[in-house]
Amino acid sequence: MLAVGGDDEIAAWRGPGTRVVALRGRTVIPGINDAHLHLAMWAISRPPYQADLRPLTSLAQVGDAVAAQARRTPPGRWAVGRGWTLPGIAEFASGNRLPDRHDLDGAAPDVPVFCRHRSEHAAWVNTRALELAGITRDTPDPDGGRIVRDPGTGEPTGYLVEAAAHLVARHVPEPAEATWREAIAAAAGELNRRGVTSVTDPMVSPELLGRYAGMRGELPLRLGVLLHWTGTGDANHAGTIREAMRLGDHGLRVAGVKLFADGIPVLRTSWMYAPSSSPHPPPFNGRASLDEPLRGGGCGHAVIAADDPAAELAEMVELLHRHRFRIGVHATGDRACDAVARAYQAAHKADPWPARHHLIHASLLSPATARELAALDVSHNLRRHPALLSPDPSSGSRITLWRRDAPSATPHPGGTAARRCADRVRHPRPDDADSTRTPARTG
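Position 203, counted from 1, in the sequence shown is what the working numbering calls 203; the numbers after and before it change by one each time, with no gaps.
Treat the hints as calculated values from the structure; they're not laboratory data.
One or more hints might be untrue.
Label pairs and their in silico Cβ distance ranges [to be verified]:
#, residue 1, residue 2, range
1, LEU2, ALA35, 43 to 51 Å
2, ASP64, GLU155, 23 to 31 Å
3, ALA311, PRO30, 53 to 61 Å
4, HIS323, SER205, 18 to 26 Å
Just so we're clear, the structure is a prediction, and the values are computed from it rather than from any experiment.
Cβ atoms here follow ideal geometry from the backbone N, Cα and C, with glycine treated the same way.
Modelling step: build the complete structure from the supplied sequences, incorporating the hints.
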């Protein structure tokens, strides 16, 4: 904005090429920047490319949507959906059961079905999908994930959490390039209609970066991206990141690199010092549930595939920091946030350049760690979980407290409701195993 005032004051700014828009009483605002939007992921998840499961509230509705998507699916392709949540489906919200492959088999017995959780941190698939992926009762859980199994038979149920979802996702055929471009262009137009003119996509592969670069000049958006890096062992990908960092103009800019430390609270995959707790009844009423340990005795887990994930994370951060990359780390659990803080501290101590790294989500960040990060000038990308911003009227009642200090640690959207549940949560004591930093966070 150059000036604000009455007609006479603004007239001085008019020139022969000035375009004048009569708002007729409407309001004009600057373009909105969405600082955390997986643009391509969101674009391809919308109909007709995938089934929209977000508004559905029953297994019958999910079955109808999946069956309709399967009918639209060409031979040899997969029926894909996205947007379901456990509290959103009545049969799951009761706490009596979890998603099961047989729920989807009736809707599409012969077509492989892959349905992403709204958070993208889990998947629900049918029997055909498990068969094509080669997942059986003998398939081990991958590092950083879990294949949920029937407690009686040991057979996979079709519910795949965190890294386990990738065991099937890698078999889902990629959309054609023309389909990708069409979907991204349509999504960009929808964002413009809602006032959004720039986006930061926080998880971009080299392939997606190339796709965005090929669409420069076509999209009515400015794009900033974070390149996703999986670990120090991926030397080729590290080289690609260095090349990509040289790419940039007004329409597309590589803003840094993204790493993942853990999962998310709602799936109980946040990396925690103490077992997560919830005022809601556990799924399956005592049968197999996500209350049982994924790894680490119910304290969630790191999603970094390493014997010592904190050390691997620190090595990744040090390498990127030393090469002057801006880093953003997805961390939700208190232990994950602490691991990121230790990694940032070590990197800054070894090479004290004025980096502006950031922490993504920081859902259960403790006050002590928040102060330590502030001293390093680390910023927080406090993206609210999409379930809290959905039109689902019950979302506010489903906010769950995972640690007593969550509401005071950071401006968290569930802070008030969480505080009311504080007395129902087990709190680690200073003498608890593996909670050496507990005194600093429980005061």
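Hints versus structure:
1. LEU2 <-> ALA35: 43 to 51 Å: For LEU2 and ALA35 the Cβ distance comes to about 25 Å; the hint is violated.
2. ASP64 <-> GLU155: 23 to 31 Å: holds, 26 Å
3. ALA311 <-> PRO30: 53 to 61 Å: violated, 44 Å
4. HIS323 <-> SER205: 18 to 26 Å: Given about 19 Å between the Cβ atoms, the range holds.
Taken one by one, the earlier hints fail for this structure at numbers 1, 3, listed in ascending order.
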